[in-house]
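Engineer: For reference, the chains in residue letters:
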Amino acid sequence: MPLPFHIYVVGLGIVGTRQLTKEVDFALRKSELVFLLFYQKVLHDYIQKELRVPVIDLHEEYTEGGDRLETYHKMAKRVIDAAATASRPVTLGVYGHPTVFVTPTRLIQEEASRRGFRVKVLPGLSSIDCIFAEIGFDPGTGIHMYEATDFLLRRFTPDPAVPLFLWQIGALETGLYTARPSRGERFTRLREYLLRFYPYDHIVYLLRTATYPFTRSEQHAFRLSDFEKQHSRVDPIHTLYVPPAREQPLQDLELGEQVTSKEHLEKIVL
Amino acid sequence: MSHQQLEEVIRRSMEDEAFLDQLITEPEEALRDFGLTEDEVRVITSGDEIRLNEVIGLGGRTACINANKYHHSQHKGGTITGQKPDLLPRVVSE
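Chains A and B, in that order, are what the protein sequence lines are.
With this note's numbering applied, the first sequence corresponds to residues 1 to 270, in that order.
With this note's numbering applied, the second sequence corresponds to residues 1001 to 1094, in that order.
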């Protein structure tokens, strides 16, 4: 029987084995080989010892000071090359969700398409999902979300009435990989840019969701003007949350009345 | 004490819901038979994830992958602590 998919690209959630979805677990079980970008040993052990599927840890591709994009191309090539010689599917499992702030998964899809491999992408719980749950955030009221460095590079304009999330704040201002801690100066440009839109004493938050079921998540509040002072506590998985600085008033008052009008409802439905 | 025992606590917490419940509500009791040192028990019961990762040798590991779109010209593709922001005033400052 031909393989329905040659490569699975799956999200593993962020809390060990507890957030594996059933479909991801199925994909792992039928894989010939699993490449992992997930740092907790408990998941490696689960796949190797319980599912009896060999695991390759792609973190070994990271080098201090190395260009992250080049590293991601190497990771993608390893997965594609393995799929070319495998008799069963090959899987890349990543922390969180496979298309949320992840590059190798996109590179694999592009290259697999060129080489005629069928790829199935399976979602996972992202840190976004976990953070929303922890802070009780409903994006239905509006949301800005950017990768932090990209936000600065393109000078996206935040609307101070809309909640702003800047992801990967700990990797700000570099496309190179490093595990070294940040200096305060790393955050000066971002602070100055945000202060164009938000008050000097606006309270912002460093958020980090727990990755073990018994550890604490973090919501650290500080004044925007004090950003540099937070440098020692920012790590790669922190997200910056900038709450709205003002409310957005109703603009369409006519529609405001119509949304609760039965007469209006009759006009817009069959 | 080995990190293996801490890893075993982590593994049990992932797979054994009754154990996890006890770890949260009666941590000393839940950890009694693991042979952990006092320091290790403190690491677990503190809920301090950074410290836990340091102890088991994961300190400084990057748990996420950066999008790194920088090489492309275009895209392809109050206090909050202990409170929920939707329970807080949306206007934090004017």
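Source of the hints: derived by calculation from the structure; they are not laboratory data.
Using N, Cα and C, we set each Cβ at its ideal position, and we do this for glycine too.
Any given hint could be a false lead.
Claimed, not checked - If the Cβ cut is set under 10 Å, some of the chain B residues that face chain A in the computed set are:
#, residue
1, E1028
2, E1038
3, I1044
4, S1046
5, G1057
6, L1058
Engineer: Give a verdict on every hint.
Structural biologist: Hints, verified against the model:
1. E1028: violated (13 Å)
2. E1038: Because about 18 Å separates E1038 (chain B) from the closest Cβ in chain A, which is outside the 10 Å limit, the hint is violated.
3. I1044: holds (7 Å)
4. S1046: holds (8 Å)
5. G1057: G1057 (chain B) check passes; min Cβ-Cβ to chain A is 9 Å, inside 10 Å.
6. L1058: holds (6 Å)
Hint check: violations occur at hints 1 and 2; the rest are consistent with the structure.
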